[in-house]
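Residue numbering for the sequence shown follows UniProt numbering, starting at 1 and increasing by one per position.
None of these hints come from the bench; they were simulated from the model. Please note that the accuracy of each hint is not assured.
As the list claims (entries may be wrong) - In the DMTMM-like style, the derived pairs of lysine to aspartate or glutamate whose C-alpha atoms are separated by at most 20 Å in a straight line are:
1) Lys111 x Asp30
2) Lys101 x Asp70
3) Lys111 x Asp17
4) Lys101 x Asp82
5) Lys111 x Glu94
6) Lys111 x Asp82
7) Lys111 x Glu46
8) Lys123 x Asp26
Quantities reported herein were computed from a predicted structural model and do not represent experimental measurements.
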Amino acid sequence: MMDSDVAAPSILVVEDDALVRMVLCDALADLGFRVEPTGSATEALERLGQLQGRVDAAILDVGLPDRAGDILAAELRASRADLPIVIATGYEDETLRAQFKGDPLVRFFGKPYISADIAAVLKLLGVRDPGGPAAIEA
Numbered sequence: 001m002m003d004s005d006v007a008a009p010s011i012l013v014v015e016d017d018a019l020v021r022m023v024l025c026d027a028l029a030d031l032g033f034r035v036e037p038t039g040s041a042t043e044a045l046e047r048l049g050q051l052q053g054r055v056d057a058a059i060l061d062v063g064l065p066d067r068a069g070d071i072l073a074a075e076l077r078a079s080r081a082d083l084p085i086v087i088a089t090g091y092e093d094e095t096l097r098a099q100f101k102g103d104p105l106v107r108f109f110g111k112p113y114i115s116a117d118i119a120a121v122l123k124l125l126g127v128r129d130p131g132g133p134a135a136i137e138a
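Construct all of the structure, not just a fragment, from the sequences and the given hints.
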């Protein structure tokens, strides 16, 4: 592993659609992030445990097959109160947004994913810009 890989922020991606997950992970890798891809809430929680806190942020799909994204966000928050979380959704849901209104470490992101927008949201949450080849100024 290269030193730059060790220093790059790590993003836990939770997306059940394999193609969408692949595109998102590729975009994050192009931005210089290390990516931990998972396809379900259960897999994400297991992976977070395996990584022993070495995750800098999580991007969650709201419509997961085994658990709703908001429930997973609450579970992640319970195990890592300092973990920045981006909840991705393809539709507007004010009830969902209201659940996390007071949490400064939760942001919402509309699908489809756009690399520059993802980088900007992560930067808003305080995730360090890894300065990868596709890094942008936000």
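Those earlier numbered hints the structure runs against, lowest number first:
6 and 7
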